[in-house]
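Chains as they are written, first to last, in the numbering used here: chain A, 1 to 439; chain B, 1 to 110.
The hints are simulated quantities; they were obtained by calculation from the structure and are not laboratory data. Ideal Cβ placement from N, Cα and C applies to all residues, glycine included. Check each hint, because a few of them may be wrong.
[What the hints assert, rightly or not] Label pairs and their calculated CB-CB ranges:
(1) B:Ser96 with A:Ser9: 35 to 41 angstroms
(2) B:Asp99 with A:Arg78: 21 to 27 angstroms
(3) A:Asp44 with B:Pro87: 55 to 61 angstroms
(4) A:Leu180 with B:Asp99: 55 to 61 angstroms
(5) A:Leu180 with B:Ser96: 17 to 23 angstroms
(6) A:Ala6 with B:Leu102: 30 to 36 angstroms
(7) B:Leu102 with A:Arg131: 28 to 34 angstroms
(8) B:Leu102 with A:Ser10: 47 to 53 angstroms
(9) B:Pro87 with A:Arg78: 34 to 40 angstroms
(10) A:Arg175 with B:Lys52: 35 to 41 angstroms
(11) A:Ala65 with B:Lys52: 16 to 22 angstroms
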Amino acid sequence: MTEKSATLSSLKAENAELRVRLEEAEETLRAIQSGEVEALVIGDQVFTLESADAESNRFRGEALAQINDVVIAVDNERRLTYLNPAAEQKYGVRASEVLGLKAEEILTVHWPDGDKTGEMSASLAKEGAWRGELIHVRRDGSEFSLEATVSTLSDRDCESIGRLSVIRDISERKRAEKELQKAHDELELRVTERTKELAAANATLKEEMAERAKVEKQRGDLLQRIVSSQEDERRRIARDIHDKLGQRVTALRLQIASLSDDLGDRDKSDGSIELLQRTALRLDSEISFLAWELRPAALDDLGLPEAAKAYIEDWSHNYKISSDFDIRGFGTDRLLPEVETHLYRIMQEALNNIIKHANATNVNVLLERKRSGVNLIVEDNGKGFTPSRNGTRQAGDGLGLIGMRERALLIGGDVQIESSPGMGTTLFIRVPQNNHRKK
Amino acid sequence: MEKGGKRVKKKPDKVASNGSDRYKLRLFITGISPRSSRAIVNIRKVCEEHLKGRYELEIIDITENPALAKSEQILAAPTLVKKLPLPLRRFIGDMSETDRLLFGLDIGKS
Numbered sequence: 001m002t003e004k005s006a007t008l009s010s011l012k013a014e015n016a017e018l019r020v021r022l023e024e025a026e027e028t029l030r031a032i033q034s035g036e037v038e039a040l041v042i043g044d045q046v047f048t049l050e051s052a053d054a055e056s057n058r059f060r061g062e063a064l065a066q067i068n069d070v071v072i073a074v075d076n077e078r079r080l081t082y083l084n085p086a087a088e089q090k091y092g093v094r095a096s097e098v099l100g101l102k103a104e105e106i107l108t109v110h111w112p113d114g115d116k117t118g119e120m121s122a123s124l125a126k127e128g129a130w131r132g133e134l135i136h137v138r139r140d141g142s143e144f145s146l147e148a149t150v151s152t153l154s155d156r157d158c159e160s161i162g163r164l165s166v167i168r169d170i171s172e173r174k175r176a177e178k179e180l181q182k183a184h185d186e187l188e189l190r191v192t193e194r195t196k197e198l199a200a201a202n203a204t205l206k207e208e209m210a211e212r213a214k215v216e217k218q219r220g221d222l223l224q225r226i227v228s229s230q231e232d233e234r235r236r237i238a239r240d241i242h243d244k245l246g247q248r249v250t251a252l253r254l255q256i257a258s259l260s261d262d263l264g265d266r267d268k269s270d271g272s273i274e275l276l277q278r279t280a281l282r283l284d285s286e287i288s289f290l291a292w293e294l295r296p297a298a299l300d301d302l303g304l305p306e307a308a309k310a311y312i313e314d315w316s317h318n319y320k321i322s323s324d325f326d327i328r329g330f331g332t333d334r335l336l337p338e339v340e341t342h343l344y345r346i347m348q349e350a351l352n353n354i355i356k357h358a359n360a361t362n363v364n365v366l367l368e369r370k371r372s373g374v375n376l377i378v379e380d381n382g383k384g385f386t387p388s389r390n391g392t393r394q395a396g397d398g399l400g401l402i403g404m405r406e407r408a409l410l411i412g413g414d415v416q417i418e419s420s421p422g423m424g425t426t427l428f429i430r431v432p433q434n435n436h437r438k439k
Numbered sequence: 001m002e003k004g005g006k007r008v009k010k011k012p013d014k015v016a017s018n019g020s021d022r023y024k025l026r027l028f029i030t031g032i033s034p035r036s037s038r039a040i041v042n043i044r045k046v047c048e049e050h051l052k053g054r055y056e057l058e059i060i061d062i063t064e065n066p067a068l069a070k071s072e073q074i075l076a077a078p079t080l081v082k083k084l085p086l087p088l089r090r091f092i093g094d095m096s097e098t099d100r101l102l103f104g105l106d107i108g109k110s
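In isolation and in its complexed conformation, chain B is listed as follows:
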């Protein structure tokens, strides 16, 4: 968690007992625009379906918090950052291509 970082959301979703399975995600958006909403809906849908009970999803509005975006090396919004499990990965777009997202998050096999 970054110092002074103003979060749109800080929701401690249920974390699974198996620490290696625990996902920590951050979605960088710009306000609640249709595309941002679509990105949130898509990523949360994936999480609920595949990572239910073992993920933490933070939604961060870059217009409210550009410093955090910069420090996280965010180039565009929406961007999803997989903080955990390592390695860190970034996904750009509205997360509508579910298969690619699952592959990227390394949960397609489950």
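For reference, chain A alone in the conformation it holds in the complex:
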């Protein structure tokens, strides 16, 4: 290569370089004029060129930079065109690193409740916006739940140029919801378990109750049988006493009378025969009363009202206590035999108690039959007592009352006592309707 050609070549190169520099200068000028340039470097200083809309641009930029929500814009090819600082932080990227890249480079979308891409596109086309919940997976694999509000970005000609997403992290809310759901499920489980336990306990209790009712019924049946056989026995003994012993004593009494008649004036017994006669008479009367007390034939033959009436009259006469007996509501139909027997015995026991404890001078007895059942009321004017909580006497003989209660229970009834010291005692015995019979 000659020196001349070398110089020519060098000049050409210089020329080309100058041409390029000139082009660059022209390009710079063009760019400044068209508003593409935003800063000039002069010496060590940078001068920012402000366009007419710089102020509003800055305001928008700062507003987007300062909000806590993530803001991301993409173009129609899903290339990232804007990320605010919150977005940079959320996805662990710098905007300058990723602008122009496809959104998939920094995040992957997961749909928690099925893919809603179609729904989103339809909503964007129709209303220009969509809101929904989804999951973003970052480049490092970590993920978060979010609520996104996506809207269409349009240019001045209203042509779509991309989408703007405002994203709010709802991981915390989702976590809380999950916790709540978990707590709810646990509670539900515990309630179910507890219900099961309770049902089991309930079943056991029911079994126990059934068992107890069975035992109670057996006891009742047994008591009924005992009482029933006791009554039969009494009836038999009463009949034997009346028929055999009674007849013989009567015969004895008649024989003594006959003997006394036969002896007439020849009687040298000095009143012994007369005494014997009186004793026999008393014996006859006592045997009759004993038989009556054991089991009055009237109870079987005439029914409760008549038997009770006879008993009270006898009792009143015997113990010198005045009495009033009132019968109400009884027609021709009889009560069940066991109801009659038990009520009769309860009345006997009540009167017996009055003799033993009450020191009474008057007794009122009411036997009343109603639609609802039978009431027996025995009232005295004796010294009374303070009934304890369960209605038995506080001290002394409670057995009489217990016996009365058991008898009442056997026929489905109950016994209540009203008494206070000095105010007499009233016994209420109620037997409900279903224990009656029609004749």
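Here the structure of chain A is known, so what remains is to put chain B in place on it, guided by the hints.
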């Protein structure tokens, strides 16, 4: 790489095996303003579409690094500097005129 130069970015993009095809680009901007963003989006879009896997794009904020801007003879921002392949070329503006950019970067033919 300039000494003490504070880079907005230093990303070693994938480099192609063919060294002559390897592009080394620097984009000088002023913060993430709309125009800067637009320039980044435009240049990266071109790179991704035409130079995928064989380019390196550095984004440099001149307000943070005026000395580097001066040493690179940057007059205005945004400016894209093609460091490699030679010859060195500068492009000013928001890189929205894709055809001219492709021509200037000598990749329009590919």
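Going down the list of hints, with the structure as the test:
no. : hint                                       : verdict
1   : B:Ser96 with A:Ser9: 35 to 41 angstroms    : holds (37 angstroms)
2   : B:Asp99 with A:Arg78: 21 to 27 angstroms   : holds (23 angstroms)
3   : A:Asp44 with B:Pro87: 55 to 61 angstroms   : violated (27 angstroms)
4   : A:Leu180 with B:Asp99: 55 to 61 angstroms  : holds (58 angstroms)
5   : A:Leu180 with B:Ser96: 17 to 23 angstroms  : violated (51 angstroms)
6   : A:Ala6 with B:Leu102: 30 to 36 angstroms   : holds (34 angstroms)
7   : B:Leu102 with A:Arg131: 28 to 34 angstroms : violated (40 angstroms)
8   : B:Leu102 with A:Ser10: 47 to 53 angstroms  : violated (30 angstroms)
9   : B:Pro87 with A:Arg78: 34 to 40 angstroms   : holds (35 angstroms)
10  : A:Arg175 with B:Lys52: 35 to 41 angstroms  : holds (39 angstroms)
11  : A:Ala65 with B:Lys52: 16 to 22 angstroms   : violated (31 angstroms)
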